[in-house]
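Chemist: Here's the letter readout for the chains.
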Amino acid sequence: MTSLAISVSGLVKTFGSTRALDGLDLSVATGEVHGFLGPNGSGKTTTIRVLLGLLRADSGAVRLLDGDPWRDAVALHRRLAYVPGDVNLWPNLTGGEAIDLLGRLRGGLDPKRRADLLDRFDLDPTKKARSYSKGNRQKVALVSALASDVDLLILDEPTSGLDPLMEALFQDCIDEWKDEGRTVLLSSHILAEIEALCDRVSIIRLGKTVETGTLADLRHLTRTSIAAETERPISGLDELPGVHDLHVEGERARFDVDTPQLDGVLRRLTEFGVRSLTSQPPTLEELFLRHYGDELAANGVDVAAGEPAGERS
Amino acid sequence: MSSLAGTGTLIRFILRRDRVRLPIWVLGIALSMMGSVASFADTYPTAADRQKRAEVLDSAMAQLFVGPGYGTDHYTFGAMTANELLPFTAIVVALMSIFLVVRHTRAEEEDGRAELVRAGVVGRHASTVATLTVVCGAQLLLALLLTFGLPASLSELSTSGSFAFAAALAGVGLVFAGVAVAVAQLTANARTALGISSMVLGATYLIRAIGDMTGTNLAWLSPFGWATEMRAYVDVRWWPLLLSAGLTIGLVAAAVRINARRDVGSGIIADRPGRPTASPLLGSPLGLAFRLQRVSLLAWSLSLFLLGLVYGSIADEAASLYEDISALDDYLARIGAADPADQYLAITLSISALIAVGYAVQSTLRARGEEAGKRAEPVLAASVSRWRWAGSHLVMALGGSVVLMFAYGLGVGVSRAISAEDLGELPRLIGAALAYTPALWVFAGFAVALFGLLPRAVGAAWALLGFVAFVGFLGPLLQLPEWVYDISPVERVPDLPVAEFAAGPLLALTLIAAALVGVGLLGFWRRDLAEA
Numbered sequence: 150m151t152s153l154a155i156s157v158s159g160l161v162k163t164f165g166s167t168r169a170l171d172g173l174d175l176s177v178a179t180g181e182v183h184g185f186l187g188p189n190g191s192g193k194t195t196t197i198r199v200l201l202g203l204l205r206a207d208s209g210a211v212r213l214l215d216g217d218p219w220r221d222a223v224a225l226h227r228r229l230a231y232v233p234g235d236v237n238l239w240p241n242l243t244g245g246e247a248i249d250l251l252g253r254l255r256g257g258l259d260p261k262r263r264a265d266l267l268d269r270f271d272l273d274p275t276k277k278a279r280s281y282s283k284g285n286r287q288k289v290a291l292v293s294a295l296a297s298d299v300d301l302l303i304l305d306e307p308t309s310g311l312d313p314l315m316e317a318l319f320q321d322c323i324d325e326w327k328d329e330g331r332t333v334l335l336s337s338h339i340l341a342e343i344e345a346l347c348d349r350v351s352i353i354r355l356g357k358t359v360e361t362g363t364l365a366d367l368r369h370l371t372r373t374s375i376a377a378e379t380e381r382p383i384s385g386l387d388e389l390p391g392v393h394d395l396h397v398e399g400e401r402a403r404f405d406v407d408t409p410q411l412d413g414v415l416r417r418l419t420e421f422g423v424r425s426l427t428s429q430p431p432t433l434e435e436l437f438l439r440h441y442g443d444e445l446a447a448n449g450v451d452v453a454a455g456e457p458a459g460e461r462s
Numbered sequence: 266m267s268s269l270a271g272t273g274t275l276i277r278f279i280l281r282r283d284r285v286r287l288p289i290w291v292l293g294i295a296l297s298m299m300g301s302v303a304s305f306a307d308t309y310p311t312a313a314d315r316q317k318r319a320e321v322l323d324s325a326m327a328q329l330f331v332g333p334g335y336g337t338d339h340y341t342f343g344a345m346t347a348n349e350l351l352p353f354t355a356i357v358v359a360l361m362s363i364f365l366v367v368r369h370t371r372a373e374e375e376d377g378r379a380e381l382v383r384a385g386v387v388g389r390h391a392s393t394v395a396t397l398t399v400v401c402g403a404q405l406l407l408a409l410l411l412t413f414g415l416p417a418s419l420s421e422l423s424t425s426g427s428f429a430f431a432a433a434l435a436g437v438g439l440v441f442a443g444v445a446v447a448v449a450q451l452t453a454n455a456r457t458a459l460g461i462s463s464m465v466l467g468a469t470y471l472i473r474a475i476g477d478m479t480g481t482n483l484a485w486l487s488p489f490g491w492a493t494e495m496r497a498y499v500d501v502r503w504w505p506l507l508l509s510a511g512l513t514i515g516l517v518a519a520a521v522r523i524n525a526r527r528d529v530g531s532g533i534i535a536d537r538p539g540r541p542t543a544s545p546l547l548g549s550p551l552g553l554a555f556r557l558q559r560v561s562l563l564a565w566s567l568s569l570f571l572l573g574l575v576y577g578s579i580a581d582e583a584a585s586l587y588e589d590i591s592a593l594d595d596y597l598a599r600i601g602a603a604d605p606a607d608q609y610l611a612i613t614l615s616i617s618a619l620i621a622v623g624y625a626v627q628s629t630l631r632a633r634g635e636e637a638g639k640r641a642e643p644v645l646a647a648s649v650s651r652w653r654w655a656g657s658h659l660v661m662a663l664g665g666s667v668v669l670m671f672a673y674g675l676g677v678g679v680s681r682a683i684s685a686e687d688l689g690e691l692p693r694l695i696g697a698a699l700a701y702t703p704a705l706w707v708f709a710g711f712a713v714a715l716f717g718l719l720p721r722a723v724g725a726a727w728a729l730l731g732f733v734a735f736v737g738f739l740g741p742l743l744q745l746p747e748w749v750y751d752i753s754p755v756e757r758v759p760d761l762p763v764a765e766f767a768a769g770p771l772l773a774l775t776l777i778a779a780a781l782v783g784v785g786l787l788g789f790w791r792r793d794l795a796e797a
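Residue numbers (our numbering), protein chains in the order written: chain B, 150 to 462; chain Z, 266 to 797.
One should not assume that every hint holds.
Label-pair ranges, simulated between beta-carbon atoms [what the hints assert, rightly or not]:
#1 B:Asp259 to Z:Ile523: 40 to 48 Å
#2 B:Asp268 to Z:Arg527: 26 to 34 Å
#3 Z:Gly377 to B:Asp321: 29 to 37 Å
#4 Z:Ile523 to B:Glu329: 52 to 60 Å
#5 Z:Ser549 to B:Thr275: 20 to 28 Å
#6 B:Asp268 to Z:Ser268: 42 to 50 Å
#7 B:Asp321 to Z:Gly634: 46 to 54 Å
#8 Z:Leu551 to B:Asp312: 33 to 41 Å
#9 Z:Leu269 to B:Leu426: 31 to 39 Å
#10 Z:Arg653 to B:Asp259: 20 to 28 Å
Calculated directly from the structure, the hints in this document are not laboratory data. Built from N, CA and C at the ideal position, the CB exists for glycine as well.
Isolated chain B (complex conformation) (with noise of 0.2 Å):
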């Protein structure tokens, strides 16, 4: 066995005249929890269907725990579990059925792991599926997974249903997981949710990957947008390394900081008596057009309307 679960190259899949992932190259290291960050639309769940065995790819290579996903879709699901971003039950089964149903046609599962698993997630299993929330049909996914023996769990946006107190119960889990050496593909939009999980991420925009690398190497990516006002007119911010589009108007101030300079900055926004102050980190999306924005361009990728342009390559 490699030391590579996940293998992909120059993944094409088009949809008509779509191109829903142009090139798309990503590897997950066995025993890795890897996070997949992109905005909505970029590919993600495309990626993760074609793992699956769900779609066919159009051009690329693909290996998914050393087998083909497609060929050998049912020996390599036996040794993973999938939850979906959108978790669609059977309306006449319990939680509790479907979760067993799942479960069994994966392989079975840790009855001891699963009545654990009911207890912290919180979820009533004699329930009828059709009376679940998002949530709790999310709850029943994760649960069937996470209490599967398998080697790989691919997540696509598992949270996003749920309420912060259950987001941090699955973080535990996940982190679990981890420790017994087992290995995570998480799609996520939420940086946060990837910081504190994952080792390495990938971020991907537009069917293409544009980042790589463990979240170290992608720390420039976080800059945190400023909102202060002060008791005296502000100056001279603009000498400052790391301030970007910055907007003053008296006492007050607007601006984008490169995270690792934020210390600096505050430091002279202080001189000039600070009376209130947001701080926010910027969105995802924000980010991609403004680290990605040139880039892509360059590569025949309209930024403003979102498309590829053309038949340019």
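For chain B, the structure is supplied; the task is to place chain Z on it using the hints.
Modeler: Okay, now just chain Z, sitting in the frame of chain B:
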């Protein structure tokens, strides 16, 4: 009254949402009624023909489907319309009320849309009242169309008689609008509301049928009985309509009382907790397919068994009628001369097989429903091959087809064995029914082929059934050319139990079905999963 605020807007909203659905219900019922009465003149041209028909109605089994049989001593077209069309049409009219009411009350609440509406300037009872206004309006419009449409289709029907007939139907429609409005208050789930309302429908229909069959007053306990007891066209009485009106008002009042107290989205009957773990059966794709389809298979089998029971038990009476109807001569000539009861059994068998095709198509397309509903994805992401997953649903469709035809054959066989006092009828008629199974498989195969190759066009499987039914029922009247029949798999089956059994056509049908299934499965294996 602030509890009715917004009713007018909601009425317009319902009309806008159902601008296609409502006309289909109303016009569909009106036109098929008008077509039915128009065909009476061709089928029973003379008074003697009609009188023959009236004699058939004397059998107890026939009264399951027709009313108590008023005016059978002088069986006019009017009496025929009232006896033979009223009970069945009343069921359809009741279903129209139930479906429309639940759709706009409980289903809206369950999906959370009612919450959005009620957050606006909309009173507590507005949606109930708006729904009732639209549904009752549709029922009255239907009554109006029938009052003038029936005499226009068959001049022997009087306008005043048609008015009473239409009013009797509207009475049933209103009562079941009331039933549905009240039931929708009870349960938090729209499907359960539909189920309970339909059970009330079935039970009250049965009460009417048993009352008429036994000649007791039991029918007076049922809104269907009130409709037939109006004796439209024969000896019109208006006062049973008061019973319908009274019950409707009572049901609506009860619904309003409950609605005034309960929370939005909640019901009175709580959802029963189910099994916390799956039974050992539910651990394979086949187990899942069986679980998803078992209720449907049971309901279809039971219905076909009962249908067989009824057809078998009235075979002798009905056969004597067939002999005397000149319009059916062409039809019987196609089947070939034989024992009249067998001719009748052959005709009813081919009709019933066509009904069973409905199951074969529905069951096969369940796979597509699972795929489009994104419930195939988690199964195929587990260690389940596409062959096994699609094959499991196919086992239910193909195997279920055998079960259905067996159930029908059992029903006919049992009732014939009793009435003819010949146990040999049982295997003979079960065999005849089973001979239609390969025809059902061809329809299932066609549906599989569509599923595999053109998953978004699976509706064409229903279109084929519609076409074949059209040819089967209207072909003899329209005198269609022979090749049109040849297309229909059902027509390819020898007309058992009249014709000689021939294995050739059945083998050919089985091979065609197998080829279609093969093409479909191969297509599915090669294609992407297509959700939505």
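Chemist: Flag every earlier hint the structure violates by its number, smallest first.
Modeler: Numbers 7, 9 - these are the hints that the structure violates, sorted from lowest upward.
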